[in-house]
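K.L.:
The chain contents come next:
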Amino acid sequence: MHAEIKAAGRRINFAQLASMREAGLIVIILALCIAMSFASPHFLTWGNFRAMLMSFSIEGIVVVGMTILLIVGGIDLSVGSVVCFSMVVSGALFLAGLDPWTASLIGIGVSALIGAAMGFFVTVIGLNHFITSLAAMVIVRGMCLVVTKGTPLSLFTLPPAFKAIGQGSFNNIPYVILIFVVVVAIFDFLLRRATAFRKVFYTGSNEKAAQFSGIRTNQVKFWVTVLCSTLAGLAGVIYMARFGAATPTFGAGMELNIIAAAVIGGASLNGGSGTIFGAILGMALLSVVTSSLILLDVSVYWQDMIKGCILLAAVSIDHFLHRKKS
Amino acid sequence: MTQAPILEIRGLSKAFGPVKALSDVRFELRRGEIHALCGENGAGKSTLMNMIAGVLQPDEGDILIDGERVSIHSPAAAQRLGIALVHQEIALCQDATVAENIYMAAINSRRAPLMNFQKLYADAQKVMDLLAPIPVRTRVADLSISSQQLVEIAKALTLDCKVLMLDEPTAALTESEAQRLFSIVRGLKERGISVVYISHRMAEIFSLCDRVTVFRDGRYVATDQVAAVSPDDVVRKMVGREITQLYPDKLAPQEPGRLLLSVEGLSDGRRFADVDLQLRAGEILGIGGLIGAGRSEIAQTVCGLRPSTSGTVALDGKQLRPRSYGDAVKAGLVYLSEDRKGSGVFLDLPIAANISALDLARLTGRLGLLDRKAEDRQAKELTGRLGVRMAGIDATVSTLSGGNQQKVAIARQLSVDPKVIIMDEPTRGIDVGAKVEIHRLLRQLAGSGVGVIVISSELPELIGLCDRVVVVREGSIAGELTANELGEEAIIMLASGVQDSSNQRQAQNVA
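Keeping their order, the protein sequence lines are chains B and U. According to the working numbering, the first sequence holds residues 13 to 338 in order. According to the working numbering, the second sequence holds residues 540 to 1050 in order.
Honestly, I wouldn't trust all of these hints.
Said to hold, decoys possible - The calculated lysine-lysine pairs, modelled on DSS-like cross-linking and capped at a C-alpha distance of 27 Å, are:
#	chain 1	residue 1	chain 2	residue 2
1	U	K880	B	K220
2	U	K857	U	K912
3	U	K728	U	K665
4	U	K958	U	K869
5	U	K776	B	K220
6	U	K958	B	K220
7	U	K776	U	K559
8	U	K919	U	K958
9	U	K857	U	K776
10	U	K857	U	K958
11	B	K220	U	K701
12	U	K958	U	K880
Derived by calculation from the structure, the hints in this document are not laboratory data.
Assemble the whole structure, with the sequences as input and the hints as a guide.
P.N.:
Right under this line is the structure:
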């Protein structure tokens, strides 16, 4: 774990701002894990960790896109709907006779188009991300119901090679987790090192100043919006492979969990700051808490309430620390 | 000492964490005087004002009103004591009308359940008209910065105050607006209101104020009768060292360099028309004129930040048709925005990232990855050259003083080795020391063959720094002044377009 802290804080200008937060999150997660290992014999088992990782791996892919979008100063409330739409479209195309790989690619492509449409309304028409994606959330959810006529698609006929994406594993490590790790590693690296992603920080930090530095901020915002939806589409396809079914109501409320994770991990709703690593830690914290609550036999009715309190606490502490500094 | 001063500060100290903003300062404001408070940025002027206005609480020391110790817990408490503060930064509700902003305090304390808008608008307009004919039903967001500043001042005038504190009220005002403000402040003085006046501009202090107090590095330095000291004395006390020369030497008259930038017949169809400009290597060209005359718009259009409808721009002999600012930057033409915090720097990003923002391509290796080491080298080189005082290149720009923030913004412009650099109000709100450094730097740049254009509302800056000044009035070039024609009167006459005795009086007042 120490190595991880080092890795995150390694003389990286942008990560430096967030490294304190990340270290803090790691400490909290570790403390929770230690406490839980005493409280429940089932907690500290590979089985439980695997289950926890599985549970947030696919959502974690969406968190990556959301974090980058938050950094540019946007937000996307439609990710839950897009995850579902990608799943439903791919499923329907498969049932219509297409091979599942092509069907999935089309599903992801359609998700990207939804992102492009939102990007159009944000950059050309000039609406803000919140309203645009709120509308998209409702519209796309409606599209899911239209495509499926309201009933879940049963996809048990999916070929085993495809189902393996969601269900199989390599050396006892599920492919789902591997995909997640690869996506996180790629985007964490790009966000820190790639010139194109540096423009995301400039735009989110001060859009006017970015324009006065010759950065085409509308282009940046457009492509980040597309990226976020595309990653949601990818997550949808993986969910399809995992469940072997496509439910038109899947993913409702997912966006809140995802935004919460990114914000706990240090992404600012005002744009300009955030890290993938932090957001994933935020996701991990929420996941460990959920798992703990289940193992401790806490009623499900309490879980959302507790998660909400954690979000509030994390953001308050951060606000307090920042205010002290300045 | 027959009468206690209306406001007295004794042994006041305030620290923010480990930083001592004020230590053991004193200050005395007599009834009915205009008292200037001077000091470089970071000297603690604004901190003191904020404590008197109840925004901040002192760690130690006393505030006395009419000789009685008071503790001012909140801005509302300050208002009850008759203290009003016009902040340096505009703090208005952008989406409310001018009238609603002016009477915000009154609306807040009203008991009546419904608003009487007719009366509100009529009263507000009466107050506003004292300063400028700004319609009070306008939304504040639709006003220019200078008009917003006037609304701030109007707001303070409606409060029934005994002590009025103005924190750099003219920073965003045009000459004529400033003049009107001065006559209002003099009127207030006659009504027995005491005024604390913070400003960097010696001309204003010496034409308006009775006494001047100087702070340096959070400490009290001296209080003098304005009549008994010279501007040089005050500046010396502010910086604590001898500034032998406020402005660098000008270009020797016999060396006009080659033509670097040539603008012909430039129009944007809205704000300005048919603008011609020539800039030669080695010279600093000033652009003067009233705020709103179209100076910034012309500069931004030349750089491709705004579209033009006709006209040509040639850089170093080559036609430039910038479709975007990025193209202009590649060609070697850069623009520094007048609004430092709003569009000049990225406050929350590190210094190094601020400097590299203008041309990431030159720091990008294969695979589209940013060369961090090169970025750091560039930042170290430029911050060293410009003398940016900072904790390190990884510190965020928000940790720097205004002058150093501006140096970072200039470093960004220099990072692309520009041929021509256009600076819009490069020293607005910057303390004397940093100002002198920036002026020297600009002269040095010009000397090395870079074309420098400076847009400024500060007449002494145009006159002291520039080799030649063109004056813009209502979107067209009103005239050009060469080095030996330069003078405040000449600029004001061209800028206002009126040549009568009142204008000359104005000019003398400014001088």
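K.L.:
List in ascending order the numbers of the hints, as given earlier, that are violated by the structure.
P.N.:
Of the numbered hints, 2, 5, 9 and 11 do not hold.
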